[in-house]
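Just so you know, the sequences run in chain order W and P. Mapping to our numbering: the first sequence position 93 is 93, numbers consecutive. Mapping to our numbering: the second sequence position 135 is 135, numbers consecutive.
There could be a bad hint or two in this list.
[Claimed, not checked] Okay, the calculated beta carbon distance ranges per label pair:
id: 1; chain 1: W; residue 1: D140; chain 2: P; residue 2: E248; range: 46 to 54 Å
id: 2; chain 1: W; residue 1: N2; chain 2: P; residue 2: G392; range: 31 to 39 Å
id: 3; chain 1: W; residue 1: K178; chain 2: P; residue 2: R173; range: 52 to 60 Å
[As the list claims (entries may be wrong)] Partial list, computed: chain W residues near chain P (C-beta under 10 Å):
id: 4; residue: D19
id: 5; residue: L25
id: 6; residue: F38
id: 7; residue: N51
id: 8; residue: A52
id: 9; residue: T284
id: 10; residue: T347
id: 11; residue: A359
id: 12; residue: P361
Bear in mind the hints are in silico, worked out from the structure with no lab data behind them. Even for Gly, the Cβ is constructed at its ideal location relative to N, Cα and C.
Number of protein chains: 2
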Amino acid sequence: MNCEIIAVGSELLTPYRQDTNSLFLTDRLLQLGVNVTFKTIVGDRLANLANAIRIALGRTDIVITMGGLGPTEDDLTRQAVAEALGIRLRRNPDIVGALYARFAARRIQMTDNNARQADVLDGSVILENGRGTAPGQWLDTVYGEHRKLVILLPGPPTEVKAMFDDQCMDRLRAVVPKRTIAMRTLKAAMIGESQADARIAPIYTKYKDVDTTILAHTGDITLNLICSKGDQETAQARVDELAGKIEEELEEFIYSAQAESLEQIVLYYLGMHASTLAVAESCTGGLVAQRLTSISGSSRSFVGGAVVYSDELKTLFAGVPPSMIEANGAVSKEVAGALAEGIRRKTSATFGLGVTGIAGPGGGSEEKPVGLVYVAVSDGKQTDVVERRFGGDREHIRAWTSQLALDLVRRRLK
Amino acid sequence: MNCEIIAVGSELLTPYRQDTNSLFLTDRLLQLGVNVTFKTIVGDRLANLANAIRIALGRTDIVITMGGLGPTEDDLTRQAVAEALGIRLRRNPDIVGALYARFAARRIQMTDNNARQADVLDGSVILENGRGTAPGQWLDTVYGEHRKLVILLPGPPTEVKAMFDDQCMDRLRAVVPKRTIAMRTLKAAMIGESQADARIAPIYTKYKDVDTTILAHTGDITLNLICSKGDQETAQARVDELAGKIEEELEEFIYSAQAESLEQIVLYYLGMHASTLAVAESCTGGLVAQRLTSISGSSRSFVGGAVVYSDELKTLFAGVPPSMIEANGAVSKEVAGALAEGIRRKTSATFGLGVTGIAGPGGGSEEKPVGLVYVAVSDGKQTDVVERRFGGDREHIRAWTSQLALDLVRRRLK
Chain W
1 MNCEIIAVGS ELLTPYRQDT NSLFLTDRLL QLGVNVTFKT IVGDRLANLA NAIRIALGRT
61 DIVITMGGLG PTEDDLTRQA VAEALGIRLR RNPDIVGALY ARFAARRIQM TDNNARQADV
121 LDGSVILENG RGTAPGQWLD TVYGEHRKLV ILLPGPPTEV KAMFDDQCMD RLRAVVPKRT
181 IAMRTLKAAM IGESQADARI APIYTKYKDV DTTILAHTGD ITLNLICSKG DQETAQARVD
241 ELAGKIEEEL EEFIYSAQAE SLEQIVLYYL GMHASTLAVA ESCTGGLVAQ RLTSISGSSR
301 SFVGGAVVYS DELKTLFAGV PPSMIEANGA VSKEVAGALA EGIRRKTSAT FGLGVTGIAG
361 PGGGSEEKPV GLVYVAVSDG KQTDVVERRF GGDREHIRAW TSQLALDLVR RRLK
Chain P
1 MNCEIIAVGS ELLTPYRQDT NSLFLTDRLL QLGVNVTFKT IVGDRLANLA NAIRIALGRT
61 DIVITMGGLG PTEDDLTRQA VAEALGIRLR RNPDIVGALY ARFAARRIQM TDNNARQADV
121 LDGSVILENG RGTAPGQWLD TVYGEHRKLV ILLPGPPTEV KAMFDDQCMD RLRAVVPKRT
181 IAMRTLKAAM IGESQADARI APIYTKYKDV DTTILAHTGD ITLNLICSKG DQETAQARVD
241 ELAGKIEEEL EEFIYSAQAE SLEQIVLYYL GMHASTLAVA ESCTGGLVAQ RLTSISGSSR
301 SFVGGAVVYS DELKTLFAGV PPSMIEANGA VSKEVAGALA EGIRRKTSAT FGLGVTGIAG
361 PGGGSEEKPV GLVYVAVSDG KQTDVVERRF GGDREHIRAW TSQLALDLVR RRLK
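Construct the entire structure; sequences and hints are all you get.
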């Protein structure tokens with residue numbers, strides 16, 4: 001079975017806002033074996049909305065709308081679906097009552113327009129909204145002699161997620177033919193998309209029954225393998241076999257075969273070695289620390305560190321000798337190593353991580369161009385320093401550098 | 001005139017990837033006075049793609065496709081447009097030659113499939129691609145007795161941006177009727193979307209000729225005001241008048257009337273006062289420093305600071321007495337103030353910023369629940385401390401807290 005997702009709202013046609021609900025829905029539908037074949041984004045105009053719904057009914061089995069269920073005059077989804085299908089809307093007194101009760105509980109007078117949220121498509125099942133006022137609707141119907149499923153969801157992401165998981169997944173499982181679906185997600189760091197693809201394309205193209213998607217994001221690669229051919233066991237075996245071959249080919253670049261993030265893996269290795277980490281960041285300015293502390297429980301292995309943006313702070317917090325900075329420059333192999341070793345010593349952590357570089361756009365020179373970075377890790381006995389030169393803008397250089405720094409710790413601990 | 005944007009690619013129908021080009025295009029089209037009335041996302045299947053193009057031709061004046069112009073068998077946009085319009089594709093020998101030359105310069109043998117990129121729709125203008133191999137196409141044509149403009153763009157964002165700005169904007173200006181378009185962007189911090197809307201809706205609803213959009217993102221609100229009625233001067237005056245009234249109503253919450261970010265504003269105020277800032281962050285773990293250092297030139301006013309995740313580091317880097325932590329807990333008004341004052345003193349900055357709190361999901365208690373945060377700013381004489389309790393998950397709490405911290409500095413310096 002296939003599905004079209006229609007995101008409703010004029011704000012989704014501005015440069016300022018984007019539909020994100022459809023990523024969540026696509027994930028859930030994929031789990032059920034339903035393919036999303038089209039996504040449409042349409043504004044709050046009745047004619048355009050009815051047009052989009054009619055087109056979707058003509059080309060897919062399941063049509064899911066999101067948004068346009070609220071109380072205002074711009075909320076037209078119910079009306080548009082009624083028009084497209086040629087069925088009636090009836091005001092449901094139970095919903096009206098519940099809306100009144102909800103407002104009364106908050107000691108707010110309900111305005112009349114709210115009652116529009118109680119307009120129900122003839123024959124539809126009401127989907128309760130535990131997180132907002134607008135209920136959803138589930139309609140099993142016929143359009144042009146074909147059976148169609150039409151699901152009306154609200155717009156706010158928290159409402160969409162709760163309503164779909166709690167009230168739609170089981171209902172869909174009952175009507176969608178059971179399909180094989182086997183998946184695996186591999187993660188790799190510090191390898192470019194084209195370089196990774198050049199190495200693994202000769203492998204995955206031989207697995208025509210497995211769908212392989214490569215998603216690259218500043219030094220972080222996600223490989224999604226999906227197979228929906230044959231029985232479940234065979235499909236999973238095929239996916240696992242391909243995953244194994246890709247792991248072998250990309251070897252040290254692969255950091256997770258279970259979809260974990262690089263931050264999680266670094267913290268996991270630190271925990272496994274009963275070690276702690278401290279960081280001294282110059283050009284990344286807190287980005288490495290921020291990534292690590294975004295993980296709940298990171299305080300067990302990550303003690304903190306310093307953002308040593310000025311030369312004075314490099315000396316103050318990481319004990320880098322001013323003479324070393326003067327002799328080599330703040331962006332140098334020596335200073336990176338001293339930052340790593342110094343922050344380790346000061347904080348008594350097992351490992352110290354030092355980061356220095358030129359994020360740009362200013363501050364570069366012929367000898368030390370924008371994008372030049374040094375990253376070092378030290379345990380007091382051995383200090384590893386890596387030099388790299390990244391392209392792109394400030395944000396890009398900082399993101400790649402934070403990835404390089406975390407990956408250096410991972411490789412050291414592996 | 002109106003426009004439909006069609007994003008092409010099966011990967012855009014997975015949970016892993018999303019079209020973002022359309023936000024850029026919508027922005028540019030808005031500047032020209034072209035409304036985007038539909039966006040469609042479709043996979044790499046010829047029948048679906050031709051269907052989407054036919055539908056778009058039937059309901060809008062301008063159809064822009066992105067993606068599907070590459071060399072592989074999955075790149076079907078040229079063919080689908082030819083089919084939808086009933087016109088022919090011809091292989092352009094000049095483009096084939098240029099492709100050969102491009103590959104030769106890199107000492108790579110060109111595979112035959114690359115020549116498909118030289119297939120040109122009869123009557124179309126070729127849009128050169130300075131950043132990739134696939135050229136775009138611009139076709140001024142007739143469909144069902146109506147004049148239609150069809151623009152084929154590549155998929156990669158950098159290629160889309162360069163090609164559209166360099167080769168499409170001027171061409172569009174020549175064909176799109178000149179329209180009034182006046183805009184203003186206001187930014188506000190630390191006020192909820194519904195609270196802001198409740199206060200300003202009575203104002204902006206009186207300006208029916210101005211389109212007001214509110215975009216909220218973890219404590220940061222963007223208000224976009226757009227007017228396209230009347231002549232340019234009158235429209236701008238209306239937008240400016242409404243902007244003035246909104247500024248008056250939201251007063252101290254508004255931090256920019258020119259679309260700057262809060263980080264930029266904080267750094268701007270610091271520069272204006274010839275002051276410097278240092279931060280000591282516990283629960284935000286580097287997020288505040290990272291936000292400030294994301295701005296180029298931040299080193300002039302931001303010296304750095306410490307990520308004091310462990311209690312020991314609070315003492316080591318910000319001089320917080322262990323007895324104070326023991327008496328009040330690390331998450332307390334006292335410790336926040338001591339972090340601000342301590343990091344200021346240690347680093348000799350003009351202002352110190354201290355952040356402590358419980359980001360969760362673990363670590364909360366009855367007395368000090370998850371989401372409780374303290375933020376303090378100090379200049380050595382006066383220390384301001386703010387207590388707040390945020391809801392939501394770890395990421396949400398950290399993002400709101402970093403916003404609260406930056407806003408506290410802004411209010412102090414204003």
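Tested hints:
no.: 1; hint: W:D140 x P:E248: 46 to 54 Å; result: holds, 53 Å
no.: 2; hint: W:N2 x P:G392: 31 to 39 Å; result: holds, 35 Å
no.: 3; hint: W:K178 x P:R173: 52 to 60 Å; result: holds, 55 Å
no.: 4; hint: D19; result: holds, 8 Å
no.: 5; hint: L25; result: holds, 9 Å
no.: 6; hint: F38; result: holds, 6 Å
no.: 7; hint: N51; result: holds, 7 Å
no.: 8; hint: A52; result: holds, 7 Å
no.: 9; hint: T284; result: holds, 8 Å
no.: 10; hint: T347; result: holds, 6 Å
no.: 11; hint: A359; result: holds, 8 Å
no.: 12; hint: P361; result: holds, 6 Å
Of the numbered hints stated above, none is contradicted by the structure.
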